[in-house]
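**Q** The opening residue of the sequence shown carries number 8 in this note's numbering; numbering runs sequentially from there.
These are computed hints drawn from the structure, not numbers from a lab.
It should be emphasised that the depicted structure is a prediction, and the values quoted were computed from it without experimental measurement.
Do not rely on the hints blindly, as some may be mistaken.
20 Å max Cα-Cα, derived SDA-like pairs, lysine to any residue [unchecked claim]:
hint, residue 1, residue 2
1, 219, 248
2, 179, 125
3, 179, 257
4, 219, 121
5, 179, 118
6, 179, 124
7, 219, 255
8, 179, 129
9, 146, 52
10, 146, 160
Ranges between beta-carbon positions, derived for each pair [to be verified]:
hint, residue 1, residue 2, range
11, 124, 11, 55 to 61 Å
12, 58, 10, 39 to 45 Å
13, 230, 53, 40 to 46 Å
Backbone N, C-alpha and C fix where the C-beta goes; we use that ideal spot for every residue, glycine too.
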Amino acid sequence: LHQTVTAGDGFIQIDEQRITYLSERSPEECRWGDLGVDLVMECTGIFTDADAARRHIAAGAAKVLVSAPSRGADATIVYGVNEDVLTGDMTVVSNASCTTNCLAPVARILHESCGILQGFMTTVHAYTGDQNLIDGDHKDPYRARAAAINMVPSTTGAARAVGLVLPDLAGKLDGVAIRVPTPNVSAVDLVFQPRDVMDADALNAVFVAASKAADNGVFEVTDRPLVSSDFNHNPASSILHLDQTRVMPDGMTRVLAWYDNEWGFSNRMLDTAGAILQT
8 LHQTVTAGDG FIQIDEQRIT YLSERSPEEC RWGDLGVDLV MECTGIFTDA DAARRHIAAG
68 AAKVLVSAPS RGADATIVYG VNEDVLTGDM TVVSNASCTT NCLAPVARIL HESCGILQGF
128 MTTVHAYTGD QNLIDGDHKD PYRARAAAIN MVPSTTGAAR AVGLVLPDLA GKLDGVAIRV
188 PTPNVSAVDL VFQPRDVMDA DALNAVFVAA SKAADNGVFE VTDRPLVSSD FNHNPASSIL
248 HLDQTRVMPD GMTRVLAWYD NEWGFSNRML DTAGAILQT
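Taking the hints into account, I'd like the entire structure generated from these sequences.
**A** Below is the structure:
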């Protein structure tokens with residue numbers, strides 16, 4: 008920053024702008040009503056289900072956006088795919104997961120072009136704070152192992168959650184995760200059976216056209232020989248790697264998309280928040 012930053016009791020000040028901060032263990036202790044807060048971004052990873060998130064509303068907030076899948080939420084939104092379902096009476100909204108935000112734009116393009124009969128996704132995912140850095144105790148014995156030196160099989164509901172965003176695909180997608188020893192940037196590897204078989208060139212042409220039609224920064228394509236670190240700080244939800252598209256003789260198709268699981272998702276939180284506040 009090129010400004011003067013100071014801190015005091017309950018505030019941070021950048022030049023003349025004073026920003027109030029709170030440090031409370033319970034949502035009810037946050038003074039959202041006194042502060043005139045319209046929307047709380049629930050990013051603790053603790054108050055994710057809708058009933059818990061509504062504790063922020065009890066503290067005076069008008070609405071809550073959960074940065075994770077949220078059981079009982081009024082809607083699950085992947086910005087750029089289904090934000091048009093938002094209505095003004097929705098008080099708790101889920102922004103889904105970073106992986107669902109990568110998969111859903113790709114799945115929509117595929118389903119609208121060639122149709123998805125069924126598919127299976129593997130996310131090759133950077134390790135996260137829910138894993139141990141050294142072998143130790145954890146409720147999940149896989150995540151108990153040292154994150155920075157192992158490839159760790161794990162679970163994910165990201166593929167099934169696409170059905171909440173694209174109802175036509177409900178029950179047609181499933182998936183798993185492999186946590187790998189990189190600190191950021193992940194990839195979605197989707198294998199699916201299409202309704203109408205398209206060769207790789209035709210399918211890639213559809214992706215290129217979709218990337219040009221999208222003006223919201225959500226979906227991009229690349230044909231360059233890039234690796235994971237090249238996508239660090241990319242704000243898109245999904246970057247389709249064109250030269251990784253494969254089509255088998257029987258029509259089985261595979262596509263690969265990259266995503267910065269931190270920065271890209273954070274950008275979508277802002278986009279979804281803006282969409283909520285406009286309803």
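**Q** Against each hint, give a clear statement of whether it holds in the structure.
**A** Against the structure, the hints:
1. 219 <-> 248: holds, 15 Å
2. 179 <-> 125: holds, 5 Å
3. 179 <-> 257: holds, 19 Å
4. 219 <-> 121: Judged against 20 Å, a Cα distance of about 19 Å means the pair holds.
5. 179 <-> 118: Holds, at roughly 11 Å.
6. 179 <-> 124: With a Cα-Cα distance of about 7 Å, the restraint between residue 179 and residue 124 holds, given a limit of 20 Å.
7. 219 <-> 255: Status violated; Cα separation ~27 Å.
8. 179 <-> 129: With a Cα-Cα distance of about 15 Å, the restraint between residue 179 and residue 129 holds, given a limit of 20 Å.
9. 146 <-> 52: holds, 16 Å
10. 146 <-> 160: With a Cα-Cα distance of about 14 Å, the restraint between residue 146 and residue 160 holds, given a limit of 20 Å.
11. 124 <-> 11: 55 to 61 Å: holds, 60 Å
12. 58 <-> 10: 39 to 45 Å: Between residue 58 and residue 10, where Cβ atoms are some 40 Å apart, the hint holds.
13. 230 <-> 53: 40 to 46 Å: holds, 42 Å
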